[in-house]
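Q: Chains as they are written, first to last, in this note's numbering: chain A, 1 to 310; chain B, 1 to 249.
Think of the hints as simulated: they come from the structure by calculation, not from any bench. Heads up, the beta-carbon is just placed ideally off N, CA and C, and yes, glycines get one too. Please note that the accuracy of each hint is not assured.
What the hints assert, rightly or not - Pulled from the structure, derived: some chain A residues nowhere near chain B, Cβ distances all over 12 Å: (1) M1; (2) D46; (3) A49; (4) K50; (5) S52; (6) E156; (7) G158; (8) K160; (9) A161; (10) P167; (11) C168; (12) G206.
As the list claims (entries may be wrong) - Distance ranges between label pairs, derived from CB positions: (13) D31(A) to V31(B): 39 to 47 Å; (14) K153(A) to I240(B): 28 to 36 Å; (15) G220(A) to I240(B): 17 to 25 Å; (16) E13(A) to T217(B): 36 to 44 Å.
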Amino acid sequence: MNSLVIAEHSNIELKPSTLNTVTAARILGDDIDLLIAGKNCGAIADEGAKISGIAHVWLTDGPEYEHQLAENMAPIIADLASNYSHVFAPSSTFGKNIMPRVAALLDVQQISDVVAVESEDTFVRPIYAGNAMATVRSNDSVKLITVRTTAFKAAEMGGKAKQEIGPCKEDSGLSGFVKRELSKSERPELTAAKVIVSGGRGMQNGENFALLEALADKLGAAVGASRAAVDAGFVPNDYQVGQTGKIVAPELYIAVGISGAIQHLAGMKDSKVIVAINKDEDAPIFQIADYGVVGDLFKVVPELTAELDK
Amino acid sequence: MKVLVAVKRVIDYNVKIRVRADGSGIETNNVKMSMNPFDEIAIEETIRLKEAGKVDEIVAVSMGAQQCQETLRTAFAMGADRGIHVLTESTLEPLAVSKLLRAIVQEENPDLVILGKQAIDDDSNQCAQILAGLLGWGQGTFASKLDFIGRKVEVTREVDGGLETLWLALPAVISTDLRLNEPRYASLPNIMKAKKKTIHQKKPEDYGVDISPRLETLKVETPPTRATGIKVANAAELAIKLRDEAGVI
Ligand SMILES: Cc1cc2nc3c(=O)[nH]c(=O)nc-3n(C[C@H](O)[C@H](O)[C@H](O)COP(=O)(O)OP(=O)(O)OC[C@H]3O[C@@H](n4cnc5c(N)ncnc54)[C@H](O)[C@@H]3O)c2cc1C
Ligand SMILES: Nc1ncnc2c1ncn2[C@@H]1O[C@H](COP(=O)(O)O)[C@@H](O)[C@H]1O
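With the rest of the complex left out, here is chain A:
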């Protein structure tokens, strides 16, 4: 058995999701190679080479790979894949976008969002917004897997892998990069944060998220949101936690003015400790909260922020 892991990075930094993905791959053994495709990303390859468990790093460096367009990435991954029994990528928007296209080129059925690797051909994945867990066995010659990163610890940095030049192809001509508008934040990334404070429709508007920011500052937390808060324009789309947004599993998740729809719970119910602040004592969020406060968030949140100074 030998695995290929597709690294997620921004040409400037290696994303933590890569480390969780390596841990999932290591369950099957340490014969793991890493593909880093990008532009001017030699430093990322050097960093990738230090991940424990990685034997070789493939570095594909060229302008065609700067924005990691699926149309350019899939052919090189498909080429490499014939040498491997398994290919893993994080189930982030990066991995979700590219891997099924690789599956098309290889004629295999990808397994999405794996939370447990049972054996070389058997995997567990959530379905129906995590309300059921399916154990599936794959009969394909190459297993293509995207990994739910919150289900696996980050791999350590204790390795010393060799580097080789990876495959390179012409630009597909099918697509191109126009622009990127990334939310700027000093806060930890949602999917890697230890503490998250999330707001819902109960926040009433975007300005009121300042209350959550103040609380998050005290806790070193990331700020998230429900779909309703994003749809209403209170916060950007990348704040959305849930079945169709980000999946998170911090040590502490504080849900403020969020009712607890199944689609929201799907994204945060694996958090270690869940706190709910909601004025409706029957809100479903209380059914999964370890600690609930029934009350007006505009009173409770500032009070909690003040308590943290004590």
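Using the hints provided, position chain B with the ligands relative to the given structure of chain A.
A: Same frame as chain A, now just chain B with the ligands:
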């Protein structure tokens, strides 16, 4: 422009699903079914394009049991022009769905195919990307905005860090995210008109596509439930619990 839209019939998003006692899957008897919400967004987008004079014909495709025809009628009531139903009682994995869609694309020659980003039952998030790969077309996944400029489309995509805009040469495959639009409710006259629109029924064999599953589902289980929590009186009490009992702050 001609557009093909794929619509899946799924358990309604409001239903609390039940795992069958024998672990073979999810209980679907007497459960409310609806169009996958992301596919409603896909249909809505094509209708808006038609209203804007950019699209002439909207063909909706659904695959699965006989009742998929109801899903197609919903698409008609919203504004789709005609439908293709690929009838099968077998499980369809995303690879098989995409292979059938490829065959339909080769017959219909649309300029654009729009799918939902994710079916809310299997949560795979694969079909659009597989289809684009099979066709050798560009893909614009998780779209929150489309702009047609000549023979290109600019797609704004919802990515983990924010938004990203790409251009794609047409024909191309798009998958919808939640913010692309807000689907309309069908009006009564349109529901009546929907009855007259035509559905062509086909079978996977008609397209020569092998749909045999690649994955074997060994079991389906209910995830472990969380222990019931407690309610605390106020912020002060909460802070104490989080500090001394849970040890998370
Ligand atoms: C296809 C699909 C995908 C979806 N994906 C997601 C997803 O990924 N993530 C997601 O979150 N949702 C998702 N949803 C939406 C989901 O179904 C709910 O509509 C949404 O989560 C509700 O958000 P909310 O809890 O903020 O709003 P509401 O349900 O309106 O709840 C607001 C809550 O705030 C409380 N409140 C109001 N004022 C105060 C106050 N002053 N003090 C205290 N409490 C107050 C209310 O009691 C209420 O419980 C999806 C839906 C669909 C159909
Ligand atoms: N049986 C089906 N019939 C029609 N469209 C489907 C079917 N299965 C998947 N799709 C389309 O593919 C999208 C993504 O599904 P999935 O990749 O399974 O999450 C859906 O939103 C639909 O647009």
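Q: Hint by hint, which ones does this structure get wrong, listed from lowest number up?
A: The structure conflicts with no hint, since it agrees with every one listed earlier.
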